[in-house]
Amino acid sequence: MHGKIRAVIHVDMDAFFVSVELKRKKGLRGKPVIVGGDGDPQSRGVVSAASYEARRFGIHSGMALRRAKRLCPGAIFLPVDYALYEEESERFMDILREYTDLVESFGLDEAFVEMRCAPEEDPFEKAITTARKIKERIRCELKLTATVGVAPNKLLAKLATELAKPDGFMVIREEDVERVLRGLPVRKLWGVGEKTEKRLKFLGIQTVGELARTPLLHLVRYFGRAHGTMLHEYSRGVDTSPVVPFHEPNSMSREVTFEKDTRDVYFIKEVLYELTKDVAKRLREEGYRAKTFTIKIRYYDFKTITRSRTVVTPTDSLNDMWTVVAELVDRVDTTQPIRLVGVKASGLEKRGEKGVQKGFNYG
Amino acid sequence: MKITVDKTELVKVLQRMQGIVEKRNTLPILSNVLVEEANGGITIMATDLEIFIKDMCPADIDERGSVTVNARKLFEIIKSLPEERVDMKITEDRMAIASGKVKYNIMGIPAKEFPAFPSVPEDSLVRIDQNIFSEMIDKTSFAVSTDETRYNINGFFLQKDDNNIRMVTTDGHRLALIKKEYDNIPVDTAGVILPRKGVVELRKLFEEEGSFFFGISERNATVKKDTTIMNIRLIEGEFPDYKQVIPRENDKKVVAPRVELMEALKRVSILASDRIKGVKFSFSPGRLVLSSSNPDIGDVVDELAVEYQGEELEVAFNARYFIDVFSVMEEERVFMEFKDSLSPGVVRPEGSEDYLYIVMPMRL
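Chains as they are written, first to last, in my numbering: chain A, 12 to 374; chain B, 2 to 365.
Just so you know, the hints here were simulated from the structure itself, not pulled from any lab data. Glycine included, every Cβ here is placed at the ideal spot set by N, Cα and C. Hints should not be assumed to be uniformly reliable.
Unchecked claim - Short, incomplete list of chain A residues facing chain B, as computed with Cβ under 7 Å:
| # | residue |
| --- | --- |
| 1 | Thr324 |
| 2 | Asp331 |
| 3 | Thr334 |
| 4 | Val367 |
| 5 | Lys369 |
| 6 | Tyr373 |
Stated by the list, open to error - Quick list of in silico lysine to any residue cross-link-like pairs, SDA-like style, CA-CA up to 25 Å:
| # | chain 1 | residue 1 | chain 2 | residue 2 |
| --- | --- | --- | --- | --- |
| 7 | A | Lys369 | B | Asp341 |
| 8 | A | Lys36 | A | Ser72 |
| 9 | B | Lys140 | A | Gln368 |
| 10 | B | Lys180 | A | Gly370 |
| 11 | A | Lys280 | B | Arg25 |
| 12 | B | Lys140 | A | Asn372 |
Said to hold, decoys possible - Pairwise CB distance ranges (calculated):
| # | chain 1 | residue 1 | chain 2 | residue 2 | range |
| --- | --- | --- | --- | --- | --- |
| 13 | B | Arg364 | A | Cys128 | 36 to 42 Å |
| 14 | A | His238 | B | Gly238 | 50 to 56 Å |
| 15 | B | Asp355 | A | Asp289 | 45 to 51 Å |
| 16 | B | Pro116 | A | Val267 | 38 to 44 Å |
| 17 | B | Gly238 | A | Asp275 | 28 to 34 Å |
| 18 | B | Gly352 | A | Val367 | 33 to 39 Å |
| 19 | A | Glu98 | B | Ile247 | 44 to 50 Å |
Construct the entire structure; sequences and hints are all you get.
Structure (structure tokens):
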């Protein structure tokens with residue numbers, strides 16, 4: 012890859028959950044629509060997605076539904092239908108995979124595509140043509156809109172879509188990099204969150220251009236080697252990370268926030284059983300076995316605890332998993348009201364991999 | 002209650018209790034032993050609710066009474082006493098211990114809170130040969146599953162089979178089966194599962210000289226030796242149908258020198274990864290090559306002469322599984338049977354079907 016020009020396409024579906032909902036509820040188009048929790052703004056769920064109309068009221072994902080209701084009393088609230096979005100997401104990914112295997116999904120609604128081509132072809136030109144086709148096919152076949160960015164790496168491709176949203180198309184060429192980045196606020200840069208932004212401001216660095224001019228040593232001193240180097244490279248538009256078609260997961264988990272805080276142990280166990288069932292199903296579907304199981308309990312006062320146990324033989328069996336989870340539940344204090352529970356399986360190993368101990372099949 | 006008791010006797014009895022008292026602090030009283038008067042002595046009892054042990058210690062008794070006190074502390078105290086004569090005074094929740102000039106005053110929990118010892122059908126117990134049982138336990142105990150989520154294999158399956166008694170253990174990757182001719186054992190063909198911890202305690206008891214009596218009731222196994230009675234709650238559950246995993250079509254037969262092969266496996270497994278000691282067995286006529294490689298350290302090859310006439314075969318196993326079985330066998334030569342790289346291998350002493358060990362391979 013070194014020395015060669017890369018071409019990466021980033022595709023980001025616009026307000027994905029909401030747009031998928033609007034496909035079947037056409038009357039809601041142009042209105043502030045919010046998807047979150049079970050769709051009841053009095054309940055305690057959070058906003059999963061908001062239409063652009065709703066975003067104008069300052070609503071963003073992660074915000075409590077009740078707060079969203081206060082900000083925009085006229086908004087329409089819909090429950091999350093994850094299965095539906097997953098299905099739509101698969102169709103979206105299928106379109107991308109028709110062009111190349113080098114597709115890295117990033118959540119349900121985003122993906123990177125690495126463009127490869129014959130030596131005599133220009134990958135960048137090919138990427139631009141392909142990106143236009145992808146955008147058009149998403150509109151025609153899925154009846155959804157996406158913003159598409161083309162750039163020499165993942166960092167810049169994602170920045171391009173970020174800048175062109177919604178329903179946009181943007182190309183950042185090698186020679187444009189400095190001009191595009193220079194005036195941007197640092198927060199726009201991938202990897203710069205609220206905390207980093209604050210610390211950069213403290214150092215008098217507001218724009219990406221200023222960050223790029225800050226000596227590397229300086230950044231390493233304030234942010235440590237890894238993070239400092241990353242900021243330095245990103246501010247110059249440098250990103251060598253490859254498009255990885257598939258991420259080996261480290262863990263699989265499910266959690267749920269209760270409608271109302273509860274102390275009902277039977278109910279808590281019932282919910283945890285359902286969550287364990289989901290995790291077991293995912294493990295089996297994706298061909299993994301897990302060794303460590305963790306439960307997470309968040310109390311009414313947001314105090315959060317976890318309890319975990321590691322078994323000798325990795326498993327994907329619901330029975331085995333539930334035995335462990337049930338025992339973990341018995342070890343936590345359930346006399347205080349509980350707000351959220353979760354189950355996590357980690358220490359994953361692929362089934363049927365080299366060096367894996369085979370077991371008897373006792374039927 | 003006032004008691005005078007012999008230190009040596011009491012230490013011996015308390016020693017037996019130590020492995021059984023509950024170490025996890027679930028119910029405080031389970032960390033205690035119960036001391037109460039009995040005919041011509043005192044009875045001492047301990048339990049973790051799965052194993053109950055009861056023993057007697059001759060003593061001179063003045064008044065009646067009983068109490069429970071911490072098992073560990075009592076053991077340490079009695080062991081440390083300066084004189085052979087030990088005087089005790091028991092009230093409802095206290096025990097005073099005096100020997101020579103030393104006086105202990107220990108807080109306890111009233112005896113009425115201690116779990117009741119299960120009733121023991123003493124007349125249905127039969128005499129057993131503890132040496133046979135000890136051998137059966139030793140040759141199968143390493144294959145018992147320690148994965149608590151698979152409770153039905155966390156123990157020893159004991160089953161009657163014509164005039165034989167069988168003991169079977171498995172952890173899902175390997176299986177050990179031993180058969181002994183024995184007809185007066187009170188176990189039926191349906192079999193029972195004895196929990197691992199109980200059998201470990203039983204095995205310790207078998208180290209002692211004396212006559213042992215054994216019985217199975219609906220939910221418990223009972224062993225009695227002189228005044229010691231141990232009662233083990235059976236594992237409720239179904240032992241897997243182990244007969245279906247015994248290979249019948251392993252046509253590649255190997256005879257190998259046991260100790261030599263075991264030593265070679267130990268050498269080769271040094272480089273295998275820490276937990277799973279994967280070693281490749283490559284058989285060719287007259288020869289077995291063992292090899293292992295570790296991406297971080299390097300690789301190793303070893304070789305030994307074996308009796309083998311079949312076609313070439315490569316199969317990988319966890320070396321520890323073989324070392325475990327070779328170290329409990331006495332025979333000079335071992336017999337091994339294989340089929341292919343994905344099917345289970347069988348190990349047994351040359352010329353005998355009474356001890357069988359089945360191991361699943363690892364993927365090459």
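Return the status of the interface hint for A/Thr334: holds when the least beta-carbon distance to chain B is below 7 Å, violated otherwise.
Since chain B brings a Cβ to about 5 Å from A/Thr334, closer than 7 Å, the hint holds.
Given the hint of 28 to 34 Å, is the C-beta distance from B/Gly238 to A/Asp275 inside that range or not?
30 Å, holds
Would the hint on A/Thr324 be counted as holding, given a Cβ-Cβ threshold of 7 Å to chain B?
Cβ of A/Thr324 sits 5 Å from chain B, so the hint holds.
A/Asp331 as an interface hint toward chain B, with CB separation required under 7 Å:
5 Å, holds
If you draw a straight line from the CA of A/Lys369 to the CA of B/Asp341, is it 25 Å or shorter?
13 Å, holds
Given the hinted pair B/Lys140 and A/Gln368, is their alpha-carbon gap at most 25 Å?
22 Å, holds
Interface hint check: A/Val367, Cβ to nearest Cβ on chain B, cutoff 7 Å. Holds or violated?
With a minimum Cβ separation of about 5 Å from chain B (threshold 7 Å), the hint on A/Val367 holds.
Restraint status (C-alpha distance of A/Lys280 to B/Arg25 at most 25 Å):
Holds, because 24 Å separates the two Cα atoms, which is no more than 25 Å.
Need the status of pair A/Lys36, A/Ser72: alpha-carbon distance at most 25 Å?
Satisfied, since the Cα-Cα distance of roughly 21 Å is no more than 25 Å.
Please test the hint of 45 to 51 Å on the beta carbon pair from B/Asp355 and A/Asp289.
The hint (45 to 51 Å, Cβ to Cβ) holds, given that B/Asp355 and A/Asp289 are roughly 48 Å apart.
Compare the distance between the alpha carbons of B/Lys140 and A/Asn372 with 25 Å, and conclude whether the hinted pair is satisfied.
23 Å, holds
Can you let me know if the beta-carbon spacing of B/Pro116 and A/Val267 is within 38 to 44 Å?
With a Cβ separation near 39 Å, B/Pro116 and A/Val267 satisfy 38 to 44 Å, so the hint holds.
Figure legend: structure checked against the earlier numbered hints; every hint is met.
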